[in-house]
Structure formats: structure tokens, C-alpha cells
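Trainee: Sequence:
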Amino acid sequence: MRFSRMFIPTLRETPSEAESVSHKLMLRAGYVRQLAAGLYIFLPLGWRVLNRINRILKEEMEAIGAQEISMPVLHPAEIWQQTGRWDAIGDEMFRLKDRTGRDMCLGMTHEEIMTWLASKEIRSYRDLPQIWYQIQTKLRDEARPKSGVLRTREFIMKDSYSFDASEGELEKSYRLHAEAYHRIFKRCGLRFYQVESDPGMMGGAVAHEFMAPSPAGEDEIVLCENCGYGANVEVAISLSPEVRFEDWPFEEVHTPDKRTVHEVSDFLGIKPHYFIKSLLLMAAKGPVLALLRGDQELHDKKMQKIIGPFRTALKDEVKEILGVEAGFIGPMGHEVEIIADLNIKDGVYITGANREDYHIKGIRPGLHFDAKWHDIHTAKEGDRCSKCSAPLKIERCIEIGNIFKLGTKYSIPLKAFYLDEDGQERPVIMGSYGIGPARIAAAAIEQNNDRDGIIWPKSIAPFDVEILPLNMKDVKTIEISEDLYRRLRSANIDVLIDDRDARAGVKFKDADLIGIPTHIIIGEKNLRDGFIEVKDRKTRESSRVKVEEAAAYITDHVKS
RNA sequence: CGGGGCGUAGCGCAGCCUGGUAGCGCACACGGUUCGGGACCGUGGAGUCGAAGGUUCAAAUCCUUUCGCCCCGACCA
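Throughout the first sequence, residue numbering follows this note's numbering, covering 84 to 643 in sequence.
Please keep in mind that the hints were generated in silico from the structure rather than gathered at the bench.
Do not take every clue at face value.
Simulated crosslink set (DMTMM-like; lysine to aspartate or glutamate; CA at most 25 Å straight-line) [said to hold, decoys possible]:
id	residue 1	residue 2
1	428	458
2	203	175
3	203	170
4	621	632
5	180	161
6	618	577
7	388	175
8	341	403
9	269	303
10	608	562
11	203	281
12	255	151
13	592	565
14	476	624
15	384	400
16	470	303
17	402	380
18	354	330
19	221	151
20	463	439
21	541	582
22	463	380
23	541	505
24	541	624
25	463	281
With these hints in hand, go ahead and build the complete structure from the sequences.
Mentor: Okay, structure coming up:
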């Protein structure tokens, strides 16, 4: 392609609406433009990147026997009602009526429609297994679109669905996908982890996420470098740093006006991990007292899974329900349900005395109070791995893919049954698997950039090579540039030639911004000696190459 | 949905507090000089100041309402 004829609106200054690096660079380098909150236009360069990613997706999907199909974006409500998600999903689903008043929605995912198809067409175990996939638009009315292309209301997704005769077969489809995903993200040049995740609204028991480390991400994952354990903090199990407990006798201590763990800890000169903090939560079914070690925080989502939606109690409510001033709550002698973190099951602690200005020292869980024990604390850096006790690491990540074992969550309500070898009717066992190409692109930028711009991994760059003829008025420059342009194209290399009549500096700056991996600089001085310059965008190393050897050298360089 | 910030030329911003002819830089067009890391000089085009209502002799500026965008949180198949 010729730069002069391609629409590449680069910007000198960063638009003020952008915050994350990938967002800024995508706008500045002319890859995307924003239409409205969470709605993006992909310009020619951006679209080329997505298509390159999609090509990799297709190759790897076909390699595991997945078949590409295409489903409607507009769905009848009825199918979603049958699985219960029409009601279970809230405002995030775009809903509308057709001209006859029939309820419809815009597809945010395609489990329902895929399963509907399966229910119509799959009759026998001989029809199984099947893997169907599509690369297609999803619409979600996100509460808060953010970070450019990372969280949008309309986006393209590669979603695939497996249909198997048994759990064992599902295991195989799941593993095939996990392996394909590893190959895909590796080919896209990303650093990533596969971690355990929360199945959430998708249902099913097992789910994994593929996470690309980046400060722009919305998720945090826990990693054990010793045994390889990795999980989203939403489900991560961790052990608190080990503590040697003192054999304190049970006694009240005077703590005038010291309320928070921090205050009491400072006042007594005793570390926070010797404390139990008590939080009163208001759930739908009533108040719940949550107990955590003083150096840990409650994880809202973990708690929500146990008691449903909740909020923390107001000061007045604490007084009314527990009869205690907030800050001096202890776990003993209350009628309310108590849920305690597993980490405080053993030990000797200090906690509120249920009496203003007093705490109790020497309290022993199990002996002085009882509770329902759950993992409700937030895993954090320095916690120990629950599998091998090694210290855990926390990393912020972009979720670039996920895989779910669905089981029969959709096949039963939508009656996707088949007959097995014995003529018995059985529900199809399903899995679903998603990848967001735009997130791959954004993650690639987040992980590969410098202060001058993007540094694309070779596999997903919009072009393989950019030719920079520095002086468009020099006949020799043009002749050599055009010749190289032709040769490289016939060698099946995607080439962008910056044929604009612009100053060298402008071309250098734009080339660095756009981030094509290899730059070929054609300048008069080098040309006089019969050389051109081949420069690597990432390392900034350049080599002088003889004009006659250029095409072969570059072809080699690109393919490597 | 709760909290905060911002809407003035394509982009980045000043002006608003204290009302009085709408500005700067970049970009764009033309002419000239320049030409290996975002050139320089000159000339020029471009804005119903997000929208509506109000106060006032007079509103970008003050008041009310509303729309949009961004950030934090809640939420997130």
C-alpha cells in the first residue's frame, strides 16, 4: 500500500480522552476513532491488525477441527427465556421489540443460539463431537465502557462451542481449546497466563481465563512461581503469612477511643495480624457478621457467593443490631450469622469486646466463638500458596480469552438431546470458549511500545515492512524504492511505502508511531555508495545492505 | 447507579472567578526558502463557545435544566 493513498490519520498530540497507553497510541497512530462511549471505528490500519489476528484464530480453530459458521446478532427473547438468562441478565443486555411487538435482544454471547441449533440438528452420538465457531459482533450495554478498545459496548469476538457425548469427551474439547489458545496467544506475541476463574453467569463448574499482564488491565491474578498455581483474585485461595501466636490469657484490655485495627494495633504495640476484625454486613436475608484477620481485606465477590448481594452496615445499624459502638465489635454473644475467614480458624487473637473502649485479648476461635468457615479474604502479594506454601505474586492483567465447561446448563433447558449407543436420550455436554481480537491488539500494544510509539509483534502488525524513501524528489531514490516495493510484494510481503512528499523527520516519526516491525530507509547518501538501510523497530538496530541484496535480505529478515 | 472532572476551530489548550468585538500553538490551503528525526518566513480559510431556558442594556463568562465524554467505585455473558 501507498501511504499517500491510505487513510492513516496520525496525530501529533494525544487526544485528552485517552488514558491507557494502548488507547492513546491507537488514536495517535491512526488505528481507531471513537464514535461514542464504548463504540469504536477501526480505520484501515486497525482493521488490518484485527484481520491478521483473525487469520491466526481461524487457522488454530480449524486445526482442532472447529468449523466456522455465522449466527445472527438479533435474537428472539424466547430462547433466552428458556435458559433463564432473559431475566438473570440485567441492563447489560440490549433489548428491543420488532414491529409486531415481539421481544428481541442483541446477542451478547451465543450459548443460547448455538444450543438451539444443536437441539434441532443433533440426533445421535454419531453426530458428536462438534465444535462450531464464529468471529462475530457482540453487543453489551456495559455500565462503564473504558480504556479505549479494552471494554466496549460493541466488539468482535471469536466464540466457539463444543458439543460432546460425555464429560470425558468435553474434557478433550476443553483441552484442545486450551492448547489452541496457548498457540494463538503465543503466535500473537503476547505474554500471558492461564488461570482459574469464576464461571459467573456462564454457569458450569470449571473455567479458565487467559490473562495478559498489563497495568491497563481490569483484573488481578494470583500467581505461584513455585508450583504454577494461578487464579483470578476473585477465586484465588491463599494462606495468610504465617504467624507465631502467643499463649495470651483471655482478658479485657482498655483501648480508649481506639477503633480501627490500625489504631488498636499501634496503641498496644501488637501487629495487625494478631487481630480479628469484625464487619457487619447487610444482606437480603438479614445482617451477617464477617470475621477476618486484621491484616486482610474482605473480598466482596467471594462473600457475595455465600450470602448474596450485601452492603456494609451503617454506624447506627451496628449499634441497633449488635448493641455495640462500631469499632468495638467482637464475635462473641451475638445472634446474627457469623462467617469467618478460614485463615483465622487457629490462633490466639485480639478483637472487640462488644463494649465501648475495650478489646479482648486471648480470644480463641472455636473455643470462644463459633462461625461458618469460608475463604472470604482477598489474596494479596506475600500470601502463601495454598498448594505449596511458596509466596504468591499478584499481577494486573487484561483478560484476552476465557474457556468454560458448561456441562448441561444450556442443553437441558433447550432440549439439546441425542441418543446414545443404547438408544438412551442424553443431554449434549457443552463447553464455550471466547477470545477478543481487539483485546489481543490492545494487549500487544500495552506490552510492546516505547515513547515513540507502537512496536508490533511481527505476526499481527498491519504490514511486515515499511519503506521510507527519504527524498521523493530524488529520481534514484524513487527508482530503488519502487523496485524494492515491487519485489517484496511479489515475495508475498505486506509492504507500506511512505511515498508522501514529506520531510524525512515526519516519515521517521510516523513510522515509529505506527510501529511496523521493519523499516527500510532509502536515503541519497547511502544510495550513492550502493546501500540501503534496514532498521528494526524494536531494537532500533540498523544494517546497511547492498541494493542488489536488499530484497533477499529483507525477505529473510521478515520471515525470521 | 454513586462520587469526581471536562465540553471554546480537526487536535492540544487559554479566556470564565471579576459579564463588554472569541484567542494561542499544532494541523489545513497558497507562495517562497529548506530537506536523514515532527523546518522557517509570509498570507489565508476554519468556531451558532455541547444544547435549551433564564438574569442583564449586554452572556463563552452568572443561574436553572439537559445532553455528551473521561476517571474512580458498584456492575461486568
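Trainee: Take the hints in turn and mark each one as holding or not.
Mentor: Against the structure, the hints come out as follows:
As the CA atoms of residue 428 and residue 458 are separated by approximately 11 Å, the hinted pair is consistent with the 25 Å bound. Between residue 203 and residue 175, the direct Cα distance comes to roughly 28 Å. Violation of the 25 Å bound is thereby established for this hinted pair. A C-alpha spacing of about 24 Å is found between residue 203 and residue 170, which places the hinted pair at or below 25 Å, so the restraint holds. At roughly 23 Å between alpha-carbon atoms, residue 621 and residue 632 fall within 25 Å of each other, so this suggested pair holds.
A C-alpha spacing of about 12 Å is found between residue 180 and residue 161, which places the hinted pair at or below 25 Å, so the restraint holds. Note on residue 618 and residue 577: the hinted pairing holds, with a Cα-Cα distance of about 16 Å set against a maximum of 25 Å. The straight-line distance between the Cα atoms of residue 388 and residue 175 is roughly 20 Å, inside the 25 Å bound, and the hint therefore holds. Pair hint residue 341 plus residue 403 holds up; C-alpha atoms about 21 Å apart against a cutoff of 25 Å.
A threshold of 25 Å between alpha carbons decides the hint, and for residue 269 with residue 303 the separation of about 21 Å falls inside it, so the pair holds. Simply put, residue 608 and residue 562 have alpha-carbon atoms about 15 Å apart, close enough for the 25 Å limit, and the pair holds. For the proposed pair residue 203 and residue 281, the alpha carbon gap of about 30 Å is over 25 Å, so the pair is violated. Distance hint between residue 255 and residue 151 is fulfilled; the C-alpha atoms sit about 19 Å from each other, no more than 25 Å.
Distance restraint check for residue 592 and residue 565: the Cα-Cα separation of roughly 21 Å lies within the 25 Å cut-off, and the hinted pair is therefore satisfied. A C-alpha spacing of about 35 Å is found between residue 476 and residue 624, which places the hinted pair above 25 Å, so the restraint is violated. At roughly 23 Å between alpha-carbon atoms, residue 384 and residue 400 fall within 25 Å of each other, so this suggested pair holds. Restraint check: the Cα-Cα separation between residue 470 and residue 303 comes to about 19 Å, which is no more than 25 Å; the hinted pair holds.
For the proposed pair residue 402 and residue 380, the alpha carbon gap of about 22 Å is at most 25 Å, so the pair holds. The hinted pair formed by residue 354 and residue 330 meets the criterion: a straight-line CA distance of about 15 Å does not exceed 25 Å. Taken as a hint, the residue 221 and residue 151 pair is honoured in the structure, with Cα atoms around 16 Å apart against an allowance of 25 Å. About 32 Å separates the Cα atoms of residue 463 and residue 439, which puts this hinted pair outside 25 Å; it is violated.
Restraint check: the Cα-Cα separation between residue 541 and residue 582 comes to about 22 Å, which is no more than 25 Å; the hinted pair holds. Taken as a hint, the residue 463 and residue 380 pair is honoured in the structure, with Cα atoms around 9 Å apart against an allowance of 25 Å. Using a Cα cut-off of 25 Å, the hinted pair residue 541 and residue 505 is violated, with the two alpha carbons roughly 52 Å apart. Taking the CA atoms of residue 541 and residue 624, the gap is about 16 Å. The hint holds against a cut of 25 Å.
Restraint check for residue 463 and residue 281: the C-alpha separation of about 18 Å stays at or below 25 Å, so the hint holds.
Hint compliance for this structure: hints 2, 11, 14, 20, 23 are broken, all remaining hints hold.
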